[in-house]
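Chains as they are written, first to last, in our numbering: chain X, 5 to 107; chain C, 34 to 426; chain F, 40 to 209.
Don't read these hints as lab results, they were simulated from the structure. In this text, a Cβ means the ideal position worked out from N, Cα and C, and glycines have one as well. There could be a bad hint or two in this list.
Part of the chain F face toward chain X, derived, beta carbon under 10 angstroms [as the list claims (entries may be wrong)]: (1) 41; (2) 42; (3) 46; (4) 55; (5) 109; (6) 112; (7) 163; (8) 186; (9) 189; (10) 203.
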Amino acid sequence: MSPLNAYLLLSALLFSIGLTGVLTRRNAILVLIGIELMLNAANLNFIAFWRYGPNPAALTGVMFAIFSIGIAAAEAAVGLGIILAVYRHTKTTDLDQINTMKG
Amino acid sequence: MTPDTIDQIFVIAKHWLLSYTPAPLQPVVSAALSVAPILGVFPLLFAITTVLERKGLGRIQNRYGPNRVGPYGFSQPIADGIKSLTKEDIVPRTADQFVHFLAPLLLVMAAFLAYAVLPIGKNMVITNLNAGVLFFFAVGSMVELAVFMAGWSSRSKYSLLGAMRAVAQMISYEVPLVLASIVVIMASGSLSTVAIVNQQANYTSIWPHWFVFTPWGFVGFILFMIAATAESNRSPFDLPEGESEIIAGYYIEYSGFKFALFFLGEYLGMFATSGLAITLFLGGWSAPFSFLTWVPSYVWFFAKLLALICVFIWVRGTLPRLRMDQLMGLAWKFMLPMTLLNIVTAGVWHFMPAGFVRWLVCTALLAAPFALLSRGLTQGGKKLQLRTYRFAE
Amino acid sequence: MTAFFLIVAALTIAGTAAAMSLRNPIHCILALTLSLVGFAALYLQLGAQFVGFTQVLVYVGAVAILAVFAIMMTRSANPPEGQSHQAAFSSSWLTGGAIAAVIFAVLAWCILSKSTPMQTAIQQPDVSVNQIGDALMHKFALPLEIVGVLLTAALIGAVILAMPERRKTL
């Protein structure tokens, strides 16, 4: 197994663990954490392809990862703000209970 | 023994020791030989600083400091060390045992990691990373998580309150800290600490090229030192850990050696940020005047470090503590605009031709907003009145 | 597939699995921090120094602390006495787990199947921060400006969302 394949497999495994968390956890904040983990796994994919790909001098993978980290931080901030606003309204962060659009 | 040999004596000693180790072991031994002096010198400096601080604070407050243990009290750290090692290690029963144990370790580890990129002398840096300054700030941001872990795992209201305040303060002051150092990165064109120091190690006639001797460098240095004081939770920013406010903040529930580790971690963080300030603004290991370059480079680094520590102690003894809202207001309303203005000024400095006009323009560009901002922020913008005193009759 | 890679990969997988399965949300965030540091170590091993340090600075230094603050403010860590002991996993956990397992199986099959190998560069690319800065200012200048606007919008939006609602005083 080439090093590239090892990194890709690791990235796929981490992505699916994050996806499991997103699909099964009750707490809204932990779902957001799962989304962050999925973004990180995708970043790992980009960097691995940049390192072992044909044209590392173009820096495309590194650039994408840098922008992705910045955007993920912004998305975490806004997402947690939304969760706080929903908590103030429904007094809970349990996603199984926040299943109506009423109110 | 030429001055150059004395200057490079540690490097020469390391190479001589490395020549006696077999080839496969050389990377490990080289790393160990680079790291061991840091692990030995800086805790020793911590010990010296504790006694210096207590005696200095005592003298500022018109009393003697500790004066029993050794000659004039200078063996106090030994007594302190024995005391903290032999105290009982109490962990509350409802505390989160694993996190409670891990928090001081993470703090000390993060504080030690930061020394990897500081050039202590000429050719004496543990690793010359291409993105050295970024590494320093990345490691420094792990300290905040350790503080939160310490406060939360104790499951005590005072410690959680102290931890929240400390983390809020540290993340607020991290922004001016990083922005104040961006000016230096802009001017030197590199994130590598060795390159930054090498650029400052030149002299025109006898004056050095330190960045602190430019308008933007001076303002950047002041802002960096204020932010560094707040980052290491030192007075006047020590509301999260002030003894009269919240007992001891986030390390209330720690005793014995773990408390000493927190103390060590806090002081090591202070030394590391001072070391970075010296590297970025004060020219690192370079001598102040060109006729003084015969003194070894590491002597200059530690002399500057001791000077900054004395300034820290002096400020601690002089200024009163800031309230939490005053502290946050200072960070976001005063220091952030000043650091951004500083970056603009550094750009103006770079593009104007060298001469007297450049100094005038840049100083005006920094001084006028400073005066307006500080006037505007005091007392909510009300007109300043003549100060009157009332004395007890 | 050096030993270093295996150790760091094992740590990252352990941290991620713990982050998604522990009961106490604060423990989940601490496991997430371990996982993020593991990611940073992987980036450093791949030779992307700038990305690795930025990952620690942004994720560990900001996102993890933000998540911890959010957990504190929504009182998920220590639920008040009235609430019953909540289950950690939602009622549809089996479906979710099955979907994730299927996706992993498909991805692993794609990776491991014998496809045409791409020309791979073997030597470590030597990227300096200067080159990244150059690229940001010339080739990627437009994305940089857009990310700046996006971060400003996110900052203002997060502050507005989290502000307590003003009570109209009579």
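Structure-based check of each hint:
Below 10 angstroms, beta-carbon pairs count as interface contacts, and residue 41 (chain F) has one with chain X at about 9 angstroms; its hint therefore holds. Using the Cβ-Cβ criterion of 10 angstroms, the hint placing residue 42 (chain F) at the interface with chain X is not satisfied: the shortest such distance is roughly 13 angstroms. Interface restraint check: residue 46 (chain F) against chain X, minimum CB-CB distance 12 angstroms, threshold 10 angstroms, status violated. The interface hint given for residue 55 (chain F) holds, since its Cβ lies 5 angstroms from the closest Cβ of chain X, which is under the 10 angstroms cut-off.
The interface hint given for residue 109 (chain F) holds, since its Cβ lies 4 angstroms from the closest Cβ of chain X, which is under the 10 angstroms cut-off. The criterion of a C-beta within 10 angstroms of any C-beta in chain X is met by residue 112 (chain F), whose closest approach is roughly 6 angstroms, and the hint holds. About 8 angstroms separates the beta-carbon of residue 163 (chain F) from the nearest beta-carbon of chain X, less than 10 angstroms, and the hint is met. At a threshold of 10 angstroms, the smallest CB-CB gap from residue 186 (chain F) to chain X is about 5 angstroms, leaving the interface hint in force.
Because the closest C-beta pair between residue 189 (chain F) and chain X is about 6 angstroms apart, less than 10 angstroms, the hint holds. Interface hint at residue 203 (chain F): satisfied, since its Cβ lies 8 angstroms from the closest Cβ of chain X, which is below the 10 angstroms cut-off.
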